[in-house]
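Enquirer: So the sequence shown is numbered by this note's numbering: it starts at 111 and just counts up by one.
No wet-lab data here; the hints were simulated from the structure. In this text, all values refer to a predicted model and were calculated from it rather than measured experimentally. Heads up, a few of these hints could be off.
To be verified - Straight line, CA to CA, 25 Å or less: simulated DSS-like cross-link-like pairs of lysine-lysine:
(1) K214 <-> K237
(2) K214 <-> K152
(3) K276 <-> K263
What the hints assert, rightly or not - Pair ranges (Cβ atoms, derived):
(4) A138 <-> L248: 31 to 39 Å
(5) M111 <-> A247: 17 to 25 Å
(6) V137 <-> M111: 21 to 29 Å
(7) G232 <-> G151: 16 to 24 Å
(8) G151 <-> L212: 42 to 50 Å
Virtual Cβ for every residue (Gly too), placed ideally from N, Cα, C.
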Amino acid sequence: MIDHIAIITGVQDEADAFRRDSSATRVASPLGDIRQLEHAGKQVSVLCSGIGKVHAGAAALYMHSQFRPDLLLVIGTAGHVSSSAGDCFYLQESLQADYGTLEKFAEHDGFTHYNAGVWPIGPPDWKPFTSHPMPEALALPRARIATADCFVKCPDRSGYLRDVLKADLVDMETAAVAQIAALLDIPWAGIKAVTDGANSESSGDFQANLERAANRAASEAARFIELL
């Protein structure tokens, strides 16, 4: 039974977009104010942790220690790196795109990926984190998201994420939350709307599309909670 959901975002606009006009209480935390409200008969705690994997992982641990949520939910925006159709996606899988070994010797040249937290030595062996199943009535396109501590605005990097890691989207938070969820043995989910194409235009596109994408992801997150 999922009765309490903890929502984590990297950007304040993404957090504010969720049920913006609903009555809520605010609780101070070391990571920022946590907005607590009820939606669809469930308790929801919303925290903007700040951008990046460290902030997101810390937020997931803090929310778990304080509220014991039944599910961690990442919402907000992402860059689109594949040809998959859609502008808002249910995150079926996530992986850390920057965990592994950077090497150049003999026949080895480049980055070798490993499961986050394991020894980054030996044959590559990695698989993505799998999210809580999407309610069929939500009917969003499913995606794999790659998470790294860098804002991608390079077509070559986008192609690498798409072709090597089979990612559809890129962000800076989701896989860190998923890893904490796995360590705590609780489910996680994610809903992300697209702001940019992770290319040379991304800085401007992100700013231009942030409000629209944040609102779209928040709206779908509200529907997701209603369907749980």
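Enquirer: For every hint, state whether the structure bears it out.
Expert: Checked hints:
| no. | hint | in the structure |
| --- | --- | --- |
| 1 | K214 <-> K237 | 23 Å, holds |
| 2 | K214 <-> K152 | 51 Å, violated |
| 3 | K276 <-> K263 | 18 Å, holds |
| 4 | A138 <-> L248: 31 to 39 Å | 33 Å, holds |
| 5 | M111 <-> A247: 17 to 25 Å | 19 Å, holds |
| 6 | V137 <-> M111: 21 to 29 Å | 24 Å, holds |
| 7 | G232 <-> G151: 16 to 24 Å | 48 Å, violated |
| 8 | G151 <-> L212: 42 to 50 Å | 48 Å, holds |
When the structure is compared with the earlier hints, violations turn up for hints 2 and 7 and for no others.
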